[in-house]
Amino acid sequence: MAAPSDSNDLQRTPLHALHLELGARMVPFAGYAMPVQYPAGLVAEHKHTRTAAGLFDISHMGQLRLVGPDAAAAFETLMPVDVIGLAPGKQRYGLLLDDHGGILDDLMFFNEGHDSLFVIVNGACKAADLAHIQARIGSRCEVQPLPDHALLALQGPQAAATLARLSPGIERFVFMTGGAVQIGDGKTQVAAFVTRSGYTGEDGFEISVRAEDAEPLARLLLAQPEVKPIGLGARNSLRLEAGLCLYGNDIDTTTTPVEASLNWAMQKVRRTGGAREGGFPGAAKVLAQLNAVTTDAAGHLDHHTLTRKRVGLVALERVPVRDGCVLQSFEGTDIGQVTSGLLAPTADRPIAMGYVALAYAEPGTRVQAVVRGKPVPMEVTTLPFVPHRYFRG
Amino acid sequence: MTIKYTKDHEWVQLDGSDAATVGITVHAQDALGDVVFVDLPEVGKTFAQGDVAGVVESVKAAADVFMPVSGEVTEVNEALRADPSLANSAPQAEGWFFKVRLSEPAQLDALLDATAYDKFSAES
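The listed protein sequences derive, respectively, from chains A and B. What the first sequence shows, in our numbering, is residues 6 to 398, in sequence order. What the second sequence shows, in our numbering, is residues 2 to 125, in sequence order.
Heads up, a few of these hints could be off.
To be verified - Heads up, incomplete: computed chain A residues facing chain B, CB under 8 Å, no partners named:
{"id": "1", "residue": "Gly46"}
{"id": "2", "residue": "Ser242"}
{"id": "3", "residue": "Pro325"}
{"id": "4", "residue": "Leu347"}
{"id": "5", "residue": "Arg377"}
Claimed, not checked - For lysine to aspartate or glutamate, the following EDC-like pairs were computed, each having C-alpha atoms within a straight-line distance of at most 20 Å:
{"id": "6", "chain 1": "A", "residue 1": "Lys379", "chain 2": "B", "residue 2": "Glu43"}
{"id": "7", "chain 1": "A", "residue 1": "Lys379", "chain 2": "A", "residue 2": "Glu336"}
{"id": "8", "chain 1": "B", "residue 1": "Lys8", "chain 2": "B", "residue 2": "Asp65"}
{"id": "9", "chain 1": "A", "residue 1": "Lys95", "chain 2": "A", "residue 2": "Asp120"}
{"id": "10", "chain 1": "B", "residue 1": "Lys46", "chain 2": "B", "residue 2": "Glu76"}
{"id": "11", "chain 1": "A", "residue 1": "Lys95", "chain 2": "A", "residue 2": "Glu117"}
{"id": "12", "chain 1": "B", "residue 1": "Lys100", "chain 2": "B", "residue 2": "Asp16"}
{"id": "13", "chain 1": "A", "residue 1": "Lys379", "chain 2": "B", "residue 2": "Asp40"}
{"id": "14", "chain 1": "A", "residue 1": "Lys95", "chain 2": "A", "residue 2": "Glu176"}
{"id": "15", "chain 1": "A", "residue 1": "Lys379", "chain 2": "B", "residue 2": "Asp65"}
{"id": "16", "chain 1": "A", "residue 1": "Lys379", "chain 2": "B", "residue 2": "Asp52"}
{"id": "17", "chain 1": "B", "residue 1": "Lys46", "chain 2": "B", "residue 2": "Glu73"}
What the hints assert, rightly or not - Computed list of chain B residues with no C-beta within reach of chain A, every gap over 10 Å:
{"id": "18", "residue": "Leu41"}
{"id": "19", "residue": "Val44"}
{"id": "20", "residue": "Gln50"}
{"id": "21", "residue": "Gly51"}
{"id": "22", "residue": "Phe67"}
{"id": "23", "residue": "Glu76"}
{"id": "24", "residue": "Ala80"}
{"id": "25", "residue": "Ala91"}
{"id": "26", "residue": "Ala94"}
{"id": "27", "residue": "Glu105"}
{"id": "28", "residue": "Asp110"}
{"id": "29", "residue": "Thr116"}
{"id": "30", "residue": "Ala117"}
{"id": "31", "residue": "Ala123"}
Simulated from the structure, these hints should not be mistaken for lab results. For every residue, glycine included, the Cβ atom is placed at its ideal position computed from N, Cα and C.
Sequences are here, hints too, so could you generate the full structure?
If you want it as structure tokens, here you go:
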């Protein structure tokens with residue numbers, strides 16, 4: 006008998022022992038034993054991150070470098086995104102696409118200067134991403150996995166003040182910028198690569214360190230009065246309130262960037278009429294879908310080229326609507342499906358994201374979700390559910 | 002006062018010869034985390050043992066509430082519906098789910114006693 010989720014088969018992050026010491030409940034996630042919550046519980050952890058500073062272990066995520074004079078141009082052939090134009094010191098969101106325009110993974114990339122891109126990909130996708138990147142552009146640049154690196158995130162309105170105490174000057178970074186820094190208090194001192202970004206909608210930082218530095222750094226951060234450890238459960242509720250996609254739920258190879266309402270991630274230079282138009286996997290389909298939305302002067306949508314879109318939804322009754330629930334019109338016709346949903350701790354109402362037929366995608370449109378056979382009325386709404394509070398200077 | 006337990010982490014308290022109160026155990030609410038929603042059965046509806054009679058949800062997960070014994074639902078806990086956190090704060094008191102009139106009281110004999118349940122939940 007196969008036992009794929011047997012805890013013995015799971016990989017451990019460098020903070021495994023610390024999680025156990027803190028009383029975390031560990032669950033399998035992306036092949037790792039990860040803390041889903043600590044004794045404080047999901048709701049308390051979620052609210053702490055929205056009001057103070059939360060420390061997340063996200064070392065399951067994949068970290069890699071693409072190095073060489075041709076790295077940016079090569080990486081650009083895999084994504085509908087402006088890689089070449091990203092200035093040194095800046096970070097950007099990217100999407101690896103397959104040849105049908107489906108999303109292989111979403112990621113963050115950072116221009117380190119010196120012909121080097123630092124890339125963070127999803128844990129569950131990292132092996133496949135590496136193989137894909139190596140196969141497609143391995144001859145044009147050096148692909149360097151960084152399996153000996155851990156990744157921590159410090160998120161929340163007090164994250165910057167807390168980290169500045171341990172790394173003076175770090176407050177100079179604005180959202181989606183970063184660099185190499187030292188973090189310490191005189192006794193503990195670690196070299197880190199920091200970006201001001203995250204997955205909660207709050208101001209905060211992601212901190213890449215060598216594996217052996219992860220626990221000393223985590224203990225130093227947890228010793229700060231504002232900081233508490235936060236599990237994957239709250240990470241999920243925080244990102245959903247922020248309207249951010251979870252790969253595997255809200256986006257995957259069956260969804261394109263346009264269907265996923267990620268048009269903002271595709272800069273003009275890669276779109277029809279741009280200086281570096283197309284030239285990425287699935288470009289014909291993705292650009293046609295973009296143009297179905299944007300080029301008709303009369304404002305009509307081409308429902309054949311683009312059939313559905315990701316939207317935000319709020320339930321009009323206090324019933325959680327979870328992923329997998331079918332969405333229907335009030336006439337009872339199936340029009341889509343929920344891909345993420347829960348009762349939001351900060352928004353204090355049931356929220357969801359899902360895909361609906363284009364005719365139902367306008368904010369304010371009423372639909373119904375089928376929850377255990379019973380209809381629950383919902384309204385399409387703009388994202389995010391909780392306003393972003395990124396620090397833009 | 003007889004209280005029995007199921008392997009689905011529910012408790013059944015016998016309130017008379019054929020009446021019982023049902024709820025989820027301390028272990029169940031701990032595993033779920035902060036309970037934010039309960040769906041309770043209709044009063045007057047009859048269920049067989051093992052039928053899904055309700056739902057309990059935390060932010061992170063949803064779990065079915067099974068009928069631990071066959072019978073008719075006679076009352077549901079409206080206070081729990083209004084404040085689902087009672088399932089966390091008082092799972093075996095104010096956080097009860099529903100009351101049932103037993104159609105086969107002998108089914109209780111096959112359920113776990115406290116000692117057997119503690120052993121079961123420690124191992125699961």
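Hints and how they fare:
no.	hint	result
1	Gly46	5 Å, holds
2	Ser242	6 Å, holds
3	Pro325	5 Å, holds
4	Leu347	5 Å, holds
5	Arg377	7 Å, holds
6	A/Lys379 - B/Glu43	14 Å, holds
7	A/Lys379 - A/Glu336	14 Å, holds
8	B/Lys8 - B/Asp65	13 Å, holds
9	A/Lys95 - A/Asp120	13 Å, holds
10	B/Lys46 - B/Glu76	10 Å, holds
11	A/Lys95 - A/Glu117	8 Å, holds
12	B/Lys100 - B/Asp16	9 Å, holds
13	A/Lys379 - B/Asp40	11 Å, holds
14	A/Lys95 - A/Glu176	15 Å, holds
15	A/Lys379 - B/Asp65	15 Å, holds
16	A/Lys379 - B/Asp52	17 Å, holds
17	B/Lys46 - B/Glu73	6 Å, holds
18	Leu41	12 Å, holds
19	Val44	17 Å, holds
20	Gln50	20 Å, holds
21	Gly51	17 Å, holds
22	Phe67	14 Å, holds
23	Glu76	21 Å, holds
24	Ala80	15 Å, holds
25	Ala91	16 Å, holds
26	Ala94	20 Å, holds
27	Glu105	26 Å, holds
28	Asp110	31 Å, holds
29	Thr116	25 Å, holds
30	Ala117	25 Å, holds
31	Ala123	15 Å, holds
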